[in-house]
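Q: Got chain A sorted already, so can you dock chain B onto it with the hints?
Chain residues, written in single-letter form:
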Amino acid sequence: MKRKVLSVLLCAVFAVSMLPGCGSGSSDADTTAASDDGASDAAEESDMQYVKDKGTLVVGITNFEPMDYKDDNGDWIGFDADMAKAFAESLGVEAEFVEIDWDNKVLELDGKSIDCVWNGMTLTDEVTSAMECTNAYLNNAQVVVVPADAADQYQDTDSLADLSFAVEAGSAGEEQVSALGLDYTPVTAQADALMEVEGGTCDAAVIDSLMASAMVGEGTSYADLTYTIGLNSEEYGVGFRKGSDLAEELNDFFAESYADGSMQQCAETYKVQAALIEQ
Amino acid sequence: MELILEQFPVVIQSLNIGFIQTLKLFFVTLLGAVPLGLIISFGSMSRFRPLSYLTKIIVWIVRGTPLMIQLLIIYYFPGLVLDNPIWGGGESGRFLAASVAFIFNYACYFSEIYRGGIQGVPKGQEEAGLVLGMTRSQIFFRITLLQMIKRIVPPMSNEIITLVKDTSLARIIALQEIIWAGQAFLKGSQGISGAIWPLFFTAVYYLIFNGILTVLLGQLEKKLDYFR
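Top to bottom, those sequences are chains A and B.
Each residue of the first sequence is one higher than the last, beginning at 1 in this note's numbering.
Each residue of the second sequence is one higher than the last, beginning at 1 in this note's numbering.
No lab work stands behind these hints: they were computed from the structure.
Take the hints with a grain of salt, since some may be wrong.
[Said to hold, decoys possible] Within a straight-line C-alpha distance of at most 30 Å, the following computed DSSO-like cross-link-like pairs (lysine-lysine) qualify:
1) B:LYS222 / B:LYS150
2) A:LYS85 / A:LYS52
3) B:LYS150 / A:LYS54
4) B:LYS165 / B:LYS222
5) A:LYS54 / A:LYS70
6) B:LYS150 / A:LYS70
7) A:LYS242 / A:LYS52
8) A:LYS70 / B:LYS24
9) B:LYS24 / B:LYS222
Only chain A is shown next, with the shape it has when bound in the complex (with noise of 0.2 Å):
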């Protein structure tokens, strides 16, 4: 009799737990919906002021040598996470930095653990449809990476045709060689895409020439490759969640900042001042 009384007890707990969740599940639509109107009410009025009430500002980043990286105390440092401290200054919070999946920085945005994406983020179709955007504030271009030796072989983009090419899933250097019609191969992250051309497996790779020259070269163990052409220039900005107040807020901060001449200053000190775009 015992037993039976206790089973029934466990199965109303195990209900009770499920109703929420299957509630949540069955009625899906309408709260995706619900929450979606409130995600952009929100947003529209305030963002910027849930960061505020927060008190920090969660930045999303990736190890990215020189727009975010950590010093030898472990402390975030680069030209983007200065940047963005100073920003988080002027709103009167707290810049936090985490580091986060690339593929997905728009989950990360939207489900609110983050609340900025600013590492470098090239500005595609793919990034200012899911997210509101900043101005660009630097320039970039993709490079073609290839062994050494094999370098000046390949220094215009008609030579590039048989080659097997190992690009980012998502990044801009697969816009660029699909656009081309070019033979390539998706990797997850462009440090792999680099694993390709050196294991042999790819012939040549296509990375940011951002990272491509801290990457690759003397000194790393990509010493026997190089990178050659630019296959496109293009630009860097900062993502927020959709219909977000900061952008416009950041935008006014870039302007002042190069007015007064701190974002060059700032550029200087991680060398890439060459690239700044006025603000």
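A: Structure of chain B alone, referenced to chain A:
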């Protein structure tokens, strides 16, 4: 080679930090999933039909979907759909979300192993216990459980070793475990960039840890080798 020797101390230190996260997730999962699995196995063996059906459906859902998707759902669902990011963006929140996903997932697998172990104990023993005037809980704890533990050690060892390696899935929600730490050197971290070997070197950590586990679990199996 010289380059690797030069990078070695920095890389090892960083991999150690990552491996501590891996170990933390491993032990927390084990600590949570071992008892939770027992509760779930009681549920699925219950003679009260609705409870056993309900439990079996839950086990089916959890075992029938990839752990990677479960991690994504548990971490992002509250913020995306319920508009309430309960886990927060920091590392502790990610760890907590990963722990919940792993504990629940592994508890479901464990529950099936337990069920097999419990149902494998001959019914005659329970009847003998009843004849001797033992209560049901006495029979369970003094007769059934003891033999179940002995029976489940080999399949549990299998799951436990798989768990060590599965912890690497948590990188999908950016939990910085050892593979994440190894990959960081590909892109550049602490002055080392474009280094491939740290990523592959992480395998050594898994191999050594699983070696230790294999020996320990083997000893446990021997120790429990009473009867038969």
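Q: Each hint needs a verdict: does it hold in this structure or not?
A: Against the structure, the hints come out as follows:
1. Taking the CA atoms of B:LYS222 and B:LYS150, the gap is about 9 Å. The hint holds against a cut of 30 Å.
2. Distance restraint check for A:LYS85 and A:LYS52: the Cα-Cα separation of roughly 14 Å lies within the 30 Å cut-off, and the hinted pair is therefore satisfied.
3. At roughly 52 Å between alpha-carbon atoms, B:LYS150 and A:LYS54 are farther apart than 30 Å, so this suggested pair is violated.
4. The suggested pairing of B:LYS165 with B:LYS222 holds, with an alpha-carbon distance near 25 Å, which does not exceed 30 Å.
5. Between A:LYS54 and A:LYS70, the direct Cα distance comes to roughly 25 Å. Compliance with the 30 Å bound is thereby established for this hinted pair.
6. Straight-line distance between C-alpha atoms of B:LYS150 and A:LYS70 comes to about 49 Å, which puts the hinted pair past the 30 Å bound.
7. About 18 Å separates the Cα atoms of A:LYS242 and A:LYS52, which keeps this hinted pair within 30 Å; it holds.
8. For a cut-off of 30 Å, the pair hint linking A:LYS70 to B:LYS24 stands: about 24 Å separates their Cα positions.
9. In summary, the hint linking B:LYS24 to B:LYS222 is supported, as the alpha carbons are separated by about 27 Å, within the 30 Å threshold.
In terms of the numbered hints stated before, the structure departs from hints 3 and 6, listed from lowest to highest.
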